[in-house]
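Chemist: Below, each chain spelled out in residue letters.
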Amino acid sequence: MDKKIYLDNAATTPTRPAVVEAMLPYFTEFYGNPSSVYELSNVCKKAIVNSRETIAKSLGADAAEIYFTAGGSEADNWALISTCEAYKAKGNHIITSKIEHHAVLHTCEYLEKNGFEVTYVDVDENGLIKLGELEAAIRPTTILISVMFANNEIGTIQPIKEIGEIAKKHDILFHTDAVQAYGQLPINVDEYHIDMLSASGHKLNGPKGIGFLYIRKGVKIGSYIHGGAQERHRRAGTENVPGIVGFGKAVEIAMETMKERTEKEVELRDLLINRIVKEIPYTRLNGHRTKRLPNNANFSFQFIEGESLLIMLDMQGICGSSGSACTSGSLDPSHVLLSIGLPHEIAHGSLRLTLSEDITEEDINYVVDRVKEIVERLRSMSPLYEDYLKNNQNRNNV
Amino acid sequence: MDKKIYLDNAATTPTRPAVVEAMLPYFTEFYGNPSSVYELSNVCKKAIVNSRETIAKSLGADAAEIYFTAGGSEADNWALISTCEAYKAKGNHIITSKIEHHAVLHTCEYLEKNGFEVTYVDVDENGLIKLGELEAAIRPTTILISVMFANNEIGTIQPIKEIGEIAKKHDILFHTDAVQAYGQLPINVDEYHIDMLSASGHKLNGPKGIGFLYIRKGVKIGSYIHGGAQERHRRAGTENVPGIVGFGKAVEIAMETMKERTEKEVELRDLLINRIVKEIPYTRLNGHRTKRLPNNANFSFQFIEGESLLIMLDMQGICGSSGSACTSGSLDPSHVLLSIGLPHEIAHGSLRLTLSEDITEEDINYVVDRVKEIVERLRSMSPLYEDYLKNNQNRNNV
Amino acid sequence: MYSEKVMDHFSNPRNVGEIENASGVGTVGNAKCGDIMRMYLDIDDNGIIQDCKFKTFGCGAAVATSSMATELVKGKTVQEALQVTNKAVMNALDGLPAVKVHCSLLAEEAIHAALWDYAEKNGIQIEGLQKPKSDIHEDEEVVEEY
Ligand SMILES: Cc1ncc(COP(=O)(O)O)c(C=O)c1O
Ligand SMILES: Cc1ncc(COP(=O)(O)O)c(C=O)c1O
Ligand code: FES
Ligand code: FES
Numbered sequence: 001m002d003k004k005i006y007l008d009n010a011a012t013t014p015t016r017p018a019v020v021e022a023m024l025p026y027f028t029e030f031y032g033n034p035s036s037v038y039e040l041s042n043v044c045k046k047a048i049v050n051s052r053e054t055i056a057k058s059l060g061a062d063a064a065e066i067y068f069t070a071g072g073s074e075a076d077n078w079a080l081i082s083t084c085e086a087y088k089a090k091g092n093h094i095i096t097s098k099i100e101h102h103a104v105l106h107t108c109e110y111l112e113k114n115g116f117e118v119t120y121v122d123v124d125e126n127g128l129i130k131l132g133e134l135e136a137a138i139r140p141t142t143i144l145i146s147v148m149f150a151n152n153e154i155g156t157i158q159p160i161k162e163i164g165e166i167a168k169k170h171d172i173l174f175h176t177d178a179v180q181a182y183g184q185l186p187i188n189v190d191e192y193h194i195d196m197l198s199a200s201g202h203k204l205n206g207p208k209g210i211g212f213l214y215i216r217k218g219v220k221i222g223s224y225i226h227g228g229a230q231e232r233h234r235r236a237g238t239e240n241v242p243g244i245v246g247f248g249k250a251v252e253i254a255m256e257t258m259k260e261r262t263e264k265e266v267e268l269r270d271l272l273i274n275r276i277v278k279e280i281p282y283t284r285l286n287g288h289r290t291k292r293l294p295n296n297a298n299f300s301f302q303f304i305e306g307e308s309l310l311i312m313l314d315m316q317g318i319c320g321s322s323g324s325a326c327t328s329g330s331l332d333p334s335h336v337l338l339s340i341g342l343p344h345e346i347a348h349g350s351l352r353l354t355l356s357e358d359i360t361e362e363d364i365n366y367v368v369d370r371v372k373e374i375v376e377r378l379r380s381m382s383p384l385y386e387d388y389l390k391n392n393q394n395r396n397n398v
Numbered sequence: 001m002d003k004k005i006y007l008d009n010a011a012t013t014p015t016r017p018a019v020v021e022a023m024l025p026y027f028t029e030f031y032g033n034p035s036s037v038y039e040l041s042n043v044c045k046k047a048i049v050n051s052r053e054t055i056a057k058s059l060g061a062d063a064a065e066i067y068f069t070a071g072g073s074e075a076d077n078w079a080l081i082s083t084c085e086a087y088k089a090k091g092n093h094i095i096t097s098k099i100e101h102h103a104v105l106h107t108c109e110y111l112e113k114n115g116f117e118v119t120y121v122d123v124d125e126n127g128l129i130k131l132g133e134l135e136a137a138i139r140p141t142t143i144l145i146s147v148m149f150a151n152n153e154i155g156t157i158q159p160i161k162e163i164g165e166i167a168k169k170h171d172i173l174f175h176t177d178a179v180q181a182y183g184q185l186p187i188n189v190d191e192y193h194i195d196m197l198s199a200s201g202h203k204l205n206g207p208k209g210i211g212f213l214y215i216r217k218g219v220k221i222g223s224y225i226h227g228g229a230q231e232r233h234r235r236a237g238t239e240n241v242p243g244i245v246g247f248g249k250a251v252e253i254a255m256e257t258m259k260e261r262t263e264k265e266v267e268l269r270d271l272l273i274n275r276i277v278k279e280i281p282y283t284r285l286n287g288h289r290t291k292r293l294p295n296n297a298n299f300s301f302q303f304i305e306g307e308s309l310l311i312m313l314d315m316q317g318i319c320g321s322s323g324s325a326c327t328s329g330s331l332d333p334s335h336v337l338l339s340i341g342l343p344h345e346i347a348h349g350s351l352r353l354t355l356s357e358d359i360t361e362e363d364i365n366y367v368v369d370r371v372k373e374i375v376e377r378l379r380s381m382s383p384l385y386e387d388y389l390k391n392n393q394n395r396n397n398v
Numbered sequence: 001m002y003s004e005k006v007m008d009h010f011s012n013p014r015n016v017g018e019i020e021n022a023s024g025v026g027t028v029g030n031a032k033c034g035d036i037m038r039m040y041l042d043i044d045d046n047g048i049i050q051d052c053k054f055k056t057f058g059c060g061a062a063v064a065t066s067s068m069a070t071e072l073v074k075g076k077t078v079q080e081a082l083q084v085t086n087k088a089v090m091n092a093l094d095g096l097p098a099v100k101v102h103c104s105l106l107a108e109e110a111i112h113a114a115l116w117d118y119a120e121k122n123g124i125q126i127e128g129l130q131k132p133k134s135d136i137h138e139d140e141e142v143v144e145e146y
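Chains Z, H and V are the protein sequences, given in the same order.
For what it's worth, my numbering labels the leading residue of the first sequence as 1, then goes sequentially.
For what it's worth, my numbering labels the leading residue of the second sequence as 1, then goes sequentially.
For what it's worth, my numbering labels the leading residue of the third sequence as 1, then goes sequentially.
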């Protein structure tokens, strides 16, 4: 199979050649430990400063508010756990949504085991958080609201500004997991009243193993990784200089190209959505029709199971993902799909396709044609479809 | 300045070209998320399995006992904090040494703030832990002993086997920070009774931002980074595939070359030590004379201050480091040098030179000559030296 | 992730479909991941399985084990078919990833369910066959990968 259409950019992205190029000298030539005194390290120090500034600028933040981490998960853990530790004198309650990434949800579960209380606010059938429920959940002991900027599975974009305003009104810290949104949507931490924000390099064509947490000046959280004095004493560990440089470069390019890139993606995404929903019966689009990430499409096909669908797509050179229990390792279907109200067996037949700027109209048409064939084939093998047809026939015969 | 003699390999090392080579395809070609279903990800999955096996083999461990982290600091934090959490029903006491890396010491301080008790065992004038004191510190509530394999500043190698035996005898978990030792000394986790071991890629010519924690089967610690199901549910976050691949390659080479490389380093290290101690007056070697890392030399030059020394060395193309307060960011001289009994003003004038296989005898002789000149020059500028000479003269005149 | 044999049976599943007026039909579900398998048997007067077809709603492993199971029971006697365990199916497929072992139970149970249906329809008892559960779940150990 020579054709390869990579439609799993929400899982991870290829690192841009220009990013790798930017990183390379920092492996073998400018390898110094940035904490050292000699000249060799100054180059590294400066490179880190540059990346930090590029990133800060992209968010309307100050360079001193960006702290590099090993990825989005660490940033989420840090924001939640260290906030709880730092503000526990004020209260022990945090609010989040039911459709957060596991890096937030499992951290919340950990916090619950350690004496904190968590309210998981519902979302509607499009995956939008219920703002009224969110505000009603606020208690005098609430110290943190954490709601993701955009969802990794169904792509729904949350009303971040409104959430930020609620948080501000009640004087509660607001963290957002922007791992999916960063690089796809314009974000301004002041405009949205964001106090902390997580991001990850490999989701925007940067390297894996690098991320950051934005921490607004004045937020008094401690370290999560204790040790050396790196990152203004807030995150220990020898700096991943090539990773930081690559992340900076990726952000620079992502910001420059955002408008053009996402406009093209939206167009092709809509072609994909329209064709699939129209041409394949018993299919639904998951997530909000318009308030969704430019590159995200997520469907449920009744009567079939996602893993089988993925493998068959792979045989046709198409890479996608699914919220099916069979692909999750945990044997539960996606909590996100269940939260927007899908029954188990429909959540099973879900397919997420996430585009990149490299995808063409031809690719999309090829993909739709293949999906159609495969869904048909899998339905012809499905006992659920058989039952459905029989029941329907009976009904028609009555 | 064209000459460059890099003698700060304990701070970090250049990434080997062969390591970069091994990593490259995983940025742009095999970029898939290892958790995905399609074929593209299988390559990544397999690459991770390979690295894990290489590393496991190097320690006499099982592949399932190796968990990748973002570096040595994260591994240390994980080992200490999660052990305390998991075993707190058994007790709240841990034992460590006074000369651990900050990744251990500051984590211990964090634990002390959270209800745990820590005994910091003394070391002797060579930096060797006092085994009697260690065993005497054991209480019924002791759940963990954490002692570094070899010290990052003075290079002293601890009696790890003996410590492991003490831990085993008392049924206490034993963690060792082997960030400096790994790749320089043969380590077998069974022989040394090690239950957990931390290591970091960039100390052995691997990439920065990757490390691992060895966790013996049966040690029931939870995650430190909560979230996705990566690393057998124990360490969340999309795997840093290029980092893991590079680390594996670096370990492979380090193990193959260990004997030859370290024999050469020991020889040149000893030349360095012998010449410096003999040719520069008022100088002492810090750390044990023989029980020390093959590549480590650490001196104190009376009457001078380390940062000045480092800058002057840098002007001659020599990269080294110091335990001087002026280079530490914290304005305290190295806790390690104080722990082996150096007075503040002598700790100030310390110089650590850590070799690599690329260093030649010519380099060493060049370095010694430059150090001699610079120490002389700085002493001629030092009021302490002036006082000393005057006092001595007075004494001689009496 | 899957062996070549699994991929072969997944991409070209044998004996997919229905049998009209089958001698026995069994449908089982796996409570663990919500998947469903249906097996049709055509059994002649001598108790020999002449034909076998399946439909499956499940992962790659579930499809491949169904396909392999139909191959294995075809031409066998009812008694012999009882020996087609999930382990036998897995072996015939050159193994399954640890997280997919439970899928192979669907195949075994579906055969049993179809045989039970056949026995009930014909008022006979098959030695060694127990009434199948409609939901499969077993206390399998979480086998560690890597
Ligand atoms: C002994 C020791 N432990 C831990 C660390 C921390 O490792 P890293 O900087 O890779 O997090 C280092 C080096 O900085 C070290 O020398
Ligand atoms: C919304 C969201 N949050 C957090 C993460 C975790 O990021 P990482 O895997 O880089 O740690 C991801 C991706 O995996 C994500 O999509
Ligand atoms: S049938 Fe669901 S995991 Fe195999
Ligand atoms: S004299 Fe300047 S930091 Fe010590």
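A few of these clues could be false.
If you want the footprint, here are the derived chain H segments under chain Z, 3+ residues with CB under 8 angstroms [unchecked claim]:
1) 38 to 52
2) 100 to 106
3) 198 to 207
4) 230 to 238
5) 309 to 318
6) 334 to 347
FYI, nobody ran anything at the bench for these hints, they're computed from the structure.
In this text, a Cβ means the ideal position worked out from N, Cα and C, and glycines have one as well.
Chemist: Look at each hint and say if it fits the structure.
Modeler: Comparing the hints with the structure gives:
no. : hint       : verdict
1   : 38 to 52   : holds (count 3)
2   : 100 to 106 : holds (count 5)
3   : 198 to 207 : holds (count 3)
4   : 230 to 238 : holds (count 3)
5   : 309 to 318 : holds (count 4)
6   : 334 to 347 : violated (count 0)
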